[in-house]
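Enquirer: Protein chains in written order, with this note's numbering: chain B, 361 to 612; chain U, 12 to 247.
Treat the hints as calculated values from the structure; they're not laboratory data.
Ideal placement from N, C-alpha and C gives every residue a C-beta, glycine not left out.
Keep in mind that the hints are not guaranteed to be accurate.
[What the hints assert, rightly or not] Chain U side only, calculated, beta carbon under 7 Å to chain B, not exhaustive:
#1 18
#2 19
#3 48
#4 49
#5 90
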Amino acid sequence: MSDSVYAKPVAPRIILRPALASLFLHAVVIYLMTVNWSASEPEVVKVTPVPKAINARLVDVSEFRPQPKPKPKAKPKAKTSSKPKPVAKAKPKPKPKPVAKPKAQAKPAPKAEPKPKPEPRITEAELAAIARADLARAVAEEEQQVEATATAEEMAASYAALIQQTVVNYWSRPPSARNGMEALLAIQLIPTGEVVSVSVLKSSGSTAFDRSAINAVEKAGSFPELQKLPPREFEKTFRRFRLLFRPEDLRY
Amino acid sequence: MQEQLSLIDLVLHASFTVQAVMVLLLLASMLSWYMIVNRFIYFRNARDEMYQFEERFWSGIDLAQLYREGNEKTADGHLVIGMESIFRAGFKEFSRLAQQEEIDSEAVLEGSRRAMRVAAMREEERLERHLAFLASVGSTSPYIGLFGTVWGIMHSFRGLANATQATLATVAPGISEALVATAMGLFAAIPAVLAYNRFASKVDLLSNRYDTFMDEFSGILYRQVYALRSRDRRAG
Numbered sequence: 361m362s363d364s365v366y367a368k369p370v371a372p373r374i375i376l377r378p379a380l381a382s383l384f385l386h387a388v389v390i391y392l393m394t395v396n397w398s399a400s401e402p403e404v405v406k407v408t409p410v411p412k413a414i415n416a417r418l419v420d421v422s423e424f425r426p427q428p429k430p431k432p433k434a435k436p437k438a439k440t441s442s443k444p445k446p447v448a449k450a451k452p453k454p455k456p457k458p459v460a461k462p463k464a465q466a467k468p469a470p471k472a473e474p475k476p477k478p479e480p481r482i483t484e485a486e487l488a489a490i491a492r493a494d495l496a497r498a499v500a501e502e503e504q505q506v507e508a509t510a511t512a513e514e515m516a517a518s519y520a521a522l523i524q525q526t527v528v529n530y531w532s533r534p535p536s537a538r539n540g541m542e543a544l545l546a547i548q549l550i551p552t553g554e555v556v557s558v559s560v561l562k563s564s565g566s567t568a569f570d571r572s573a574i575n576a577v578e579k580a581g582s583f584p585e586l587q588k589l590p591p592r593e594f595e596k597t598f599r600r601f602r603l604l605f606r607p608e609d610l611r612y
Numbered sequence: 012m013q014e015q016l017s018l019i020d021l022v023l024h025a026s027f028t029v030q031a032v033m034v035l036l037l038l039a040s041m042l043s044w045y046m047i048v049n050r051f052i053y054f055r056n057a058r059d060e061m062y063q064f065e066e067r068f069w070s071g072i073d074l075a076q077l078y079r080e081g082n083e084k085t086a087d088g089h090l091v092i093g094m095e096s097i098f099r100a101g102f103k104e105f106s107r108l109a110q111q112e113e114i115d116s117e118a119v120l121e122g123s124r125r126a127m128r129v130a131a132m133r134e135e136e137r138l139e140r141h142l143a144f145l146a147s148v149g150s151t152s153p154y155i156g157l158f159g160t161v162w163g164i165m166h167s168f169r170g171l172a173n174a175t176q177a178t179l180a181t182v183a184p185g186i187s188e189a190l191v192a193t194a195m196g197l198f199a200a201i202p203a204v205l206a207y208n209r210f211a212s213k214v215d216l217l218s219n220r221y222d223t224f225m226d227e228f229s230g231i232l233y234r235q236v237y238a239l240r241s242r243d244r245r246a247g
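Just chain U, with the same shape it has in the complex (with noise of 0.2 Å):
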């Protein structure tokens, strides 16, 4: 009696091991889409809040009260992201050290810029986060998959060899069935692999565009700590 192959019944009637690794692939998948979607929004509202705050930082606003509006944020609850976070590191750093007159201006500098390199750091983790992951569902689900389907067409092969009579038939569905795991690999595969190319050069772009304000930030701070010291000089 002939039985009309459906999706389900392939996969509910695999073997163990090929189950296992179609349920494997079956959450890698689904995890990395999540991610994906994930660092999708977070890319979209990193860039958004990037170019809303340099257009804000460009607009000749007084840089304290630029950091007061950080700080009215940060107590609203939200989150500073990208490139204010990196601002707000570097302004407070110098603040902080202009204050003590016994700094000079040279080590003023240093220490606003080393804590903006410090920010970016952890603004590029946060970009970098998830990657990785992406990263390797890309590259090692496939094999995942052909490793199913070696196992299902092992498991084919050797049913048939305690057949007597060896047809198509008796092999087809469980060739088919294996087949579903390559299948299911290279489903969890490609999206991931796009999305991790994609993902990759937008951070790329991103930290080049948080290295640019670095340099131009501090120029600004270089005036800014000159303009300082040179008054104090001249008023003690």
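Looking at chain B on its own, in the form it has when it is part of the complex (with noise of 0.2 Å):
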């Protein structure tokens, strides 16, 4: 029992723990750096280019009468100055007549007396113009309600279909283009909708079909309607984007 407690230094060993603790730790961090590269890499937008065909279809004579309806329905999707008019106009004329005149008459005078008069003065225009006027006002409020809840999302993928429409019009294929190939181009747009810059990011593999896709964007030139996406959408998802020409329609 002469020996100390403390003939041989020896330190717990702690090994297994800490190792694995360690190795864990590193793995993580090199996997989330590599995934969120990739992942920040921009969006790509197929340009498939759909079966150039004229859309004809039968139109009979009596669904051109039902116009004028749907027209407030139409017109504030492309102008919104258009829009209070009707509301406007059509709402304090009719409103107070039919609601300050009974209250006034049927003090005086029994109740079931006043009751025949105010309906024969609305005549059948004013109804006409109630009803359009209620409409347009049930219309331009659903439509708010849309906008409001249309996400940023949405909103970017309909520019999205946009500028594939616009590049698919101005692409015209070279002859020796085949189903199966593929070119990726990256595009840089600035805020106004004009494009940048053009690369090739991936090869179809035909210089001709490469030179097609990129003659396709640069005739497109600017998609002006850009403009109207709000700046932070647009920087993460336009600022610089990916197109993917692809022709799959060709029958070989």
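Got two chains here, separate frames each, mind docking them using the hints?
Expert: What follows is the structure in structure tokens.
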């Protein structure tokens, strides 16, 4: 019993857990770094031309008649200035009449008599005006709600579709194009919607095909509709994005 | 043709020196995290055992009994660390010296104090293991990373000298890959510095506790040895 407790100054062996923890931590960090790096890549807008065909259908004459009604529906989309007119004009006139008059008469006279009077006063035209005004108001409200609820992603998606449509229209494919060819272009826009640079990220293998894709984007030149997009959304999606050209409708 | 840069590509395409620096820093980071977790577990164990032992010690238990319990523990292969080992060293020396009647009480106390001081030194040594490594990783790895960056930038600018058309695109990948080295250096250094500071303060705390315990324990031994010697004198 002469040897000290400290004959060999051993430390407790704590090896496994720290080693595992260290390895695990570094693996997670490296994984997160690489994943985030690739996740921040701009999104791809696919350009796959739909077969060009003219949409034609038989139109009945009766279809033209109810057109004045759908007009207020269609108008607010294109022009916001035309919207308030039908609402402002139609609303104040017809409303005070039926509301104010029956009440003033109802007090001195018995109930049954004044009722039939105001009814003939509202002419057919006025009724129609009221109905239209109501409709316009409802449509406007609905549209506002839709606009508010439409997420930014949906907007971006619709603009992506627009870009795709525009580019497809300008794309004239070379005769050497085949099904299965793919050209990936990197495109940079500025907030006014103009294209600043186009470059090939992944070639299709055929230079003519690549050239045609670049030409299509250059001919399209700019997408002024993108000015309406909120700047943050623009930076996120369209500052740099990628276009994938892929003909699928070819027969060979 | 433009190439999409990814982090892996940046690391793989770096020049040899920069790659070596990156590997060094990665190793340093992994080792320092190993040591951080190791120290964390060790300090937690030391603190827990200290509290347990203090509770046991002040519960009024017979000291010889406490010592025997420690013996059983070591026989089981359990390693005695911290305050208990100081106690064991002091008590062993004390009982060995107190048995010899020709040694006077001052010498017995002095001997047990010395044994306890040695034990406390050993304990501090154990606590401070790996801390030097953490300190040096914390202070040098930013410099190593910086070296890698400077080397990489030198490299990419030298390549620029040969190019006829100097654009940003010709230097940007080189600089980007060079900067990865600095990022890694900082990544290794920041946790190491934080951990070093925290552990250094813990070492201070624990060794203070050990010192206090040593004084308290020698007070008890003082009482015991004088009681023992006066009994001896009366008997002999």
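Enquirer: Decide, hint by hint, whether the structure agrees.
Expert: Each hint, compared with the structure:
1. 18: 5 Å, holds
2. 19: 6 Å, holds
3. 48: With Cβ-Cβ at 4 Å, under 7 Å, it holds.
4. 49: 4 Å, holds
5. 90: 5 Å, holds
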